[in-house]
Amino acid sequence: MRELRIHGRGGQGAVIASKFLAVAFFRDGKWVQSFPAFGVERRGAPVTAFLRLDDDPIRLRCEIVNPDDLIVLDPTLVGAVDVTGGLKKRGSILINSPHPPETYGELLKTFEVATVDASAIATRHGIGSKTQPIVNTAIVGAFAAYSGIVTLESVCEAIEEEVPLHTGRNVDAAKEAAEAVRTLGKVKAVP
Amino acid sequence: MNKVIVGNHAVSWGVKLARTEVISAYPITPQTQIVEELSDMCARGALNARFIKVESEHSAMAACIGASAAGVRTFTATSSQGLALMHELLHWAGLGRHPIVMANVNRAMGPGWNIWTDQNDSLSQRDTGWIQLYCETNQEVLDTTIQAFKLAEAVNIPVMIILDAFFLSHTSEPVDIPDQVTVDRFLAQRETSIKLDVADPHAFNALVRPDAYMEMRKDQQDWMRRAKTVYAEIETEWKALFGREYGKIEPYRTDDAELILVTSGTVTSTTRHVVDQMRERGTRVGLVKIKMFRPFPTDDIRRALSGAIKVAVLDRNISPGRSGIFAEEIRSALYNIPMDDRPKIFGYIVGLGGRDVTPAVIEDIVEQTQIATQPTREDLWVGVKP
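Going line by line, the protein sequences match chains R and G. Counting with numbering that gives the first Met the number 0, you get residues 0 to 190 for the letters of the first sequence. Counting with numbering that gives the first Met the number 0, you get residues 0 to 385 for the letters of the second sequence.
Watch out, some of these pointers could steer you wrong.
To be verified - The calculated lysine-lysine pairs, modelled on DSS-like cross-linking and capped at a C-alpha distance of 25 Å, are: (1) G:Lys2 / R:Lys29; (2) G:Lys227 / G:Lys238; (3) R:Lys174 / G:Lys2; (4) G:Lys227 / G:Lys52; (5) G:Lys194 / G:Lys2.
What the hints assert, rightly or not - The following label-pair restraints were derived from C-beta to C-beta distances: (6) G:Arg278 / R:Gly85: 22 to 32 Å; (7) R:Ile148 / G:Pro337: 54 to 64 Å; (8) R:Leu183 / G:Arg125: 54 to 64 Å; (9) R:Gly28 / G:Arg278: 21 to 31 Å; (10) R:Glu160 / G:Gln179: 13 to 23 Å; (11) R:Leu164 / G:Asp178: 26 to 36 Å; (12) G:Gln179 / R:Ile148: 29 to 39 Å; (13) R:Lys87 / G:Arg302: 40 to 50 Å; (14) G:Ala187 / R:Leu164: 31 to 41 Å.
It should be emphasised that the hints constitute simulated quantities derived from the structure, not laboratory data. Ideal placement from N, C-alpha and C gives every residue a C-beta, glycine not left out.
Please put together the full structure from these sequences, using the hints given.
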């Protein structure tokens, strides 16, 4: 069993990301369960979404409090909310950020950190607006490359299945982001 | 076809595959996605049904009663305060013997205003004459939705399918969506000789005097009882076509169990996980899931629980001034069995207003029950802040 938490702000596509990432894992042969934080949402306010995956059917039907991995769609959330709350020691954090992982020295003491400039990639592909790019497809593409636990191919197929608007651009953004993930000291190659 | 979908859309798919003819509904969180998807299916021609928009849940049920009386297959969905607003007409649908199918997404009653899950909305409609089926997974939600139409129409009793807010309604997981051809083999178009027909006018539901009313109620009760057998037959047929079955109740690892946990809804899945872990450590613990609450499967419950030393019922509901409602029904069902077979019943109140029921909560219940010789009170509250 592996548990993920996705952080974003209302309107950035965190919930949709949890859905198509679940579809991607399912295409890779995993059992999946994804859900938004149970509650009410407002545009711009912090939003979380969750995902469980396993080789066997998933029995747990309760909230996720100790995730293995985080995906952070908005770098301004780091510090503003307790993004790493409950994250397992040496758990991974993928942040949408133009800066290298070294910038997050505090987090690196306890966790693995990777970054990708998903906002720039989404903007380049005309996804959302220049001030409010929708970064979910790009960062999930980066997650596929960085984590190695889901194939980029399945992520792209899941985007085709779940993202009806500008599907091609979203697939291209995911592929570009997969090439652009930065781990400590290097740009990680696609596995 | 396998798809990763939310529980709400599993309902919508079931309603579509059942070739439902009339849908009337009023939106309410967390149900809205069900009828939103159905409305979209109707608009794009994927489902050939009349979608009637109304100004309240009371009107939605009234529209369903009218359509069902005209002999067509009818569906609605609601939650919480919306279900409460339907209350008068739930009796009307039940006693009028209209085989309407309704999905209720379990949501706590307000105030305090709350959109999260508990069972007090549906359980407060216990005596309205509806069959109630509580689901555990999105697959079960879809399968039960289709089965519900067959059951309702076989016994002329409306059926309420119940799913937990968020833990099913908004959770995406893989669902095997049956193909239309096979569903059509399972479920034919609704046929009824008793219906509103302008060519053959009848009056329905007029004044019934004391000399006949009691027989009406007895007839309803007889068909309620029969619904248990009919449901078992429907499940056998479903299994032959689709390979899945759920049961009115499902005993899980209860052989030789000294302590049996009783659950309904999604708490069941997490409890399975806990039971598996405890069994590995040698604890003789099992689980009984209750799917059918009305009609109450008394005989099945007796078979499953008699002989156990202790039973711990997890109620995500409370009857104020009494106890958890499932616990109450189970105490009552076991009273008339031989004294030596009667387990001690521990009734735990958990997860109200959507509070999370985690493995730790369930493990705590097991430990508390193991230690106690008998319950100190009939409502044992778990995790309440001082």
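Evaluation of the provided hints:
1. Annotation: proposed proximity of Lys2 (chain G) to Lys29 (chain R) holds, straight-line Cα distance about 13 Å (limit 25 Å).
2. For the hint pairing Lys227 (chain G) with Lys238 (chain G), the CA-to-CA distance comes to about 17 Å; that is within 25 Å, so the pair holds.
3. In summary, the hint linking Lys174 (chain R) to Lys2 (chain G) is supported, as the alpha carbons are separated by about 24 Å, within the 25 Å threshold.
4. Only pairs whose Cα atoms come within 25 Å are accepted, and Lys227 (chain G) paired with Lys52 (chain G) is rejected, the gap being roughly 34 Å.
5. A threshold of 25 Å between alpha carbons decides the hint, and for Lys194 (chain G) with Lys2 (chain G) the separation of about 38 Å lies outside it, so the pair is violated.
6. A hinted range of 22 to 32 Å holds for the C-beta pair Arg278 (chain G) and Gly85 (chain R), which are about 28 Å apart.
7. For Ile148 (chain R) and Pro337 (chain G), the Cβ-Cβ distance of about 55 Å falls inside the hinted range of 54 to 64 Å, so the restraint holds.
8. For Leu183 (chain R) and Arg125 (chain G), the hinted distance range of 54 to 64 Å is satisfied, since their beta carbons lie about 60 Å from each other.
9. Between Gly28 (chain R) and Arg278 (chain G) the beta carbons are some 27 Å apart, a value that agrees with the proposed interval 21 to 31 Å.
10. As the Cβ distance of Glu160 (chain R) to Gln179 (chain G) is approximately 20 Å, the hint placing it in 13 to 23 Å holds.
11. The given range of 26 to 36 Å is respected by Leu164 (chain R) and Asp178 (chain G), whose C-beta atoms sit roughly 29 Å from each other.
12. The hinted range of 29 to 39 Å is satisfied by Gln179 (chain G) and Ile148 (chain R), whose Cβ atoms lie roughly 36 Å apart.
13. With their beta carbons about 44 Å apart, Lys87 (chain R) and Arg302 (chain G) fall inside the hinted range of 40 to 50 Å.
14. Taking 31 to 41 Å as the suggested C-beta distance range, the pair Ala187 (chain G) and Leu164 (chain R) conforms, at roughly 40 Å.
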